[in-house]
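Input sequences plus hints: build the corresponding full structure.
Listed in order, the protein sequences are those of chains Z and C.
Its first residue numbered 1, the first sequence is counted upward by one per residue in our numbering.
Its first residue numbered 871, the second sequence is counted upward by one per residue in our numbering.
Capping the alpha-carbon separation at 27 Å, the derived lysine-lysine pairs in DSSO-like fashion look like this:
#1 Z:Lys135 <-> C:Lys1202
#2 C:Lys1061 <-> Z:Lys31
#3 Z:Lys400 <-> C:Lys1054
#4 Z:Lys408 <-> C:Lys1054
#5 Z:Lys75 <-> C:Lys941
#6 C:Lys876 <-> C:Lys934
#7 C:Lys1061 <-> Z:Lys400
#8 C:Lys1273 <-> Z:Lys88
#9 C:Lys1054 <-> Z:Lys45
#10 C:Lys1061 <-> Z:Lys65
Rather than coming from a laboratory, the hints here were simulated on the basis of the structure.
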Amino acid sequence: MPRPERQTITFSIDGLEVEAPENTMLADAAKYGDIEIPVFCYEPKLGDPVGACRMCLVEIEGIPKLQTACSSPVKDGMVVHTQTARVKEAQRSVVEFLLINHPLDCPVCDKGGECPLQDITFGWGPGRSRFIEPKRHFRKPLELSPLIAIDRERCILCYRCVRFSQELAEDYQLVLLERGAHSFVGTFDGHPYVAPFSGNIIELCPVGALTSIPYRFRARPWDIEGAGSICMLCPAQCNTELTVRDERVLRVLDRHHEGVDDGWLCDKGRFAYQAIHVDDRLTTPLLRDGDGELRPAGWDDALARAAELLAGAGDRTAALAGSTATNEEGMLLARMLRDALGSPHLDSRSGPPVDLDHLRALGAPALQASVPDLEFAHAVLVLDCEPVDDAPILEMRIRKGVRRNRVKLAVATSRPSALDPSAAATARFAPGHAAAFLAALSGALAGAPDLDDLAAAAGCTAPELTGLAAALEGAQDVVVLYHDRILGGPDADADAAAGLLALAGQLGLARTPGAGLIGIPEAANGRGLREAGVLPNAGPGLSAPPAGGRGAPGIAEGLANGDLDVLYLLGSDPLRSHPGRRAWEAGLAAAGGVIAHAAFLTEGIRDHADVVFPAEATAEKEGTVTHPDGRVQRLRPAIGRPGDVRPEWQVLHELSGRLGSDPGLPTIALCSEALFAAVPFYAGLTLTELGGRGIRWPVRPGAGELLPGGPDTATTGEADGGGTAAGGAQPTPTPTPAPTPTPRRSNALTAPGARLLLGTYRSIWAAPEVEYAPALKFLAREQRVELSPADAARLGIRQGDEVLVTGGADQQVRGRAELRNAIPEGRVFLEAGIAEHAANGIDGPLVSLHRATSTNGGPSGSGTPARARA
Amino acid sequence: MTPSAKLLFKGIDEPGLATLAGYERRGGYQALRRALAMPAEDVLGELLASGLRGRGGAGFAMGKKASFLPKGTMDKYLVCNADESEPGTFKDRELMQKNPHLLIEGIVIAAHAAAINRAFIYIRGEYEQQARILDRALAEAEAAGYIGDRVLGTDLSLPLVLHRGAGAYICGEETGLLDSLEGKRGNPRLKPPFPANQGLYQGPTLINNVETLATVPAIIAMGGAEYAKLGTETSTGTKLVSVSGHVQRPGNYEVELGTPSREIIYDMAGGPPPGREVKLWFPGGSSSPVLTAEDLDLPYDFDSMAKAGSMLGSGAIIVVDDSTPVLDVALKLAKFYRHESCGKCTPCREGTNWTVQMLERIERGEATPMDLDIMASVQEHIIGHCLCVLGDAMAMPIGSMIKKFRPEFEAHMEAMQLGAPVASEAALAAQGAA
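Here you go:
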């Protein structure tokens, strides 16, 4: 879909001739002439203007009545006045009206000092009020949610928060209740406003009506400084501005980046900063004593012990990197393993390795869509990805595209998605059957005559396939948003990369501008770590490594059977984040040594680490990270490191030196330079160039030649202007004609009904930071066992019952039953990544369920069955 | 007015008129047959020629409004505004109750003229009886093929749905009505876009008042040019006038536009009870600026009312005689608008609330003439600054009352202060005793 292109026109404002893009709203166009028109309700991020506050009234020649500048598109030759007596009187009167019921309690209001109402009152108000009647009163402050306080007396009813809830986040919770001067903002039924994006309304509020409970009374604007940063709690890597007071992060605000977050944050990103400053955080190195206890130690001892373990293990060392590790840390880790220890066993993914040629093809610049492409594509296919959990802010972007640009949304997932109601077509395939599903979808797109067998192999239906194909077929540019889990996740049937590349060929993604793939990795910096060479089968820049190593599952196995000795964990706790907990428990127990960088003593670290280095928080880090759409972004420290925390890159550097292979990069800037030199497609980047906005490397000149193995578009027979044929020598899948795989009916799909097929997911709230941040604790998740009402009825399970899920050899996970109509029969979904009873406690693909027999009556017998949700 | 000029209320009390048989017996739906035999442009041409101005309040030329609808094959909507929520207005109620098929016929003809394929009647929630009558009439009309698929065998298909509102004044405002009809909270929308371009469900929409649409069959029957001969040059045709308040024969009267106001108030409605004089009157519903006894000889038409600083509005004359203090009228009125303000835009939400509070203070005797200046200035700050016209609907009559009856307000203030000169002393004494 073409981006809107606007012609520049000339209009007159207050006697100045000003050039502005045509049809820009006057409130924005005025800024081109350095003229400010005051607004309250107008916020371009919220979409169409509503003209409610009436603050922006201006005079437009030829129109008798004053007009709202927020809703008047500027035209060539328009003559606008913002300074006439008539306009000024209107502005003064609106400020007077707004203040008559406002408590004017600025001295005790959190917003004071950074309040648009204050600023506009000073700038445009009458200076005094003639109102002497009693003001309107409400009970205050009230908790709109555990995170947001609402003061209805301060509210000026600008509708911003309500519009956000109704039209942006589409959680439909906030409404205006009552009418006229009695209007107030609330939820329809009085429930707390708990939603993944609720915190944005705090920033949207132009007065002090909605304030952050964690930030309340912590600082005044003159006490604080702002520091640009990047949220590293998920791969969406939203740009943030941290509010810092006395070396503490007190608040997180959005740092609007159209190419990344569109100016929004999720609540995890907004409130998890509290976890930086909790007592649970590790601030000194720990060493395991002879008696098996972890005790604080000095750096010299810790480094010496780690070096000793590593030197002893040599090429029998393995490493996992995850969560917030930067590109530089990844590079140093890879160098330590490969150069200092001669070990090829390192991984930043949790599943089995993906074929390098496939990785290169999937990462080819011509195939990379950008985040804004989600908004302007003709169609978006969400493939086994739940955006609100996997990269929350992208869900808002997709909703925006559907709502404003009528993007056709196709959702193909195994677990029902929050985006289903917005989708033009949906398909539910069997968990772990992405490869079969992609083959089936390709078949449907190629017009295969009989889809039933293909559909059956994927566990979906033929009408679902034709529906998706219909949604995608007519679209010129399609963006496919997929999750890394399809490339051989915990319960995948096969590596779906070939199928994905074939689909990309069929849809012509490589040759259509604005079309492409966005792959969401597991780790926040998964793409950066991959490109820095933290893979068993790839060096920096996806180059072929000197020797192939074991992937994560192989590492667990190697540790358990003694092939490997020492495990180095950089921001990773496999018991928490990796599937196959049983295998990892065995591996960690058998390991000769475990060295970990960690901020918190999560289970795997607490029970198995011999050396623990205290990890930096993102706010303390320096380095670069890479967004899933290829944007290299820069992290800069906002606060100092607490206690004895040292930068991780320094620790890695020091250890390499002690192991006899000094990288010779004594500053982080030199590390970044070395990274840019080592990764061909980062070549020439500088930290200055990255600045605060980052750079998408796939669109840099010549990027196509720098990553070998891009899809050979010549084989598609299509004309192609780019230089992406450089990888022609690589074995590339032939996208057309679509492969017609032999339908392979997996045993799982024909299994007897007693057992269900297991799928896993990781919710937005499944993160240690959520458990450790006091404000977010209430959102920390407990296991819930999602299944269809029909299966539940058959198994005698009711909504809310406590359920035991059994898989593998006597492995059990306990959780509460959650009945969902949208789950097809024969499938059950468990949540991964949570502290207790996580999904990785059992091995699929088939599991059995039964109600937990509770001796004390328990919740299973007492609860009335609630209606199943969609 | 001569009886022959009666168009809408002709034989309105005839028994059985509300049934299809009764309506057809009187020649009902003949205009529709005639219109359907004409090309749509010609029907529109007749409407344009008639000069018919909207009877809902704004007085915009109906044919012109219909001609604004874009051409094309998209769904187009006609919405009949039967919310009739303006205080003092009850003409549409009588029309729908006694002659529902006239409205239905008018809707179908208008839909034909503007190439509309879906129609709705949005009726106010309080009109339960009228809604039942309309429902019955719609069923009859559908069975007889006047609405629904292929009207009378032509290519015109027009599903016509009756929707009952839930009782909010603001839903009589056309865009608030559309929001309400779409199932949302009835709040006015920003204009532009105007409903003719983006109205119901974002589609082109023609919105007309009941009376406007009910006039259409007569125009087709007699011809637009012939209709234009009725009334004055710029206010053609007849108008239903609801007369209420201090008159001896309140009710609906059909008059030719341009009839002297005195004739309507005194000759038809009987004027105030004996011994009382007209003090002020609202010529077009409660939201029109008030006129006084001096204005009684003005011709009752759109332009004369506008020239006098008021408006014809919905054609509802409310008469207030000299037995009622102007303050009571102002307070009643302001309270109504405060209650009905949707709260979306600032000047209306805060201005109506403030005005009521000031009027109450005046009533309690806690005000000075300076407060009248503030109140007048508040009205000026509302007028023209709001999202819709509800704010103006309070500010214009209140402003006019302050302007025209300032001495009476001041006399009240003085009387209240003179009447309780020792109030503060008594309070002081009470304090001293405590």
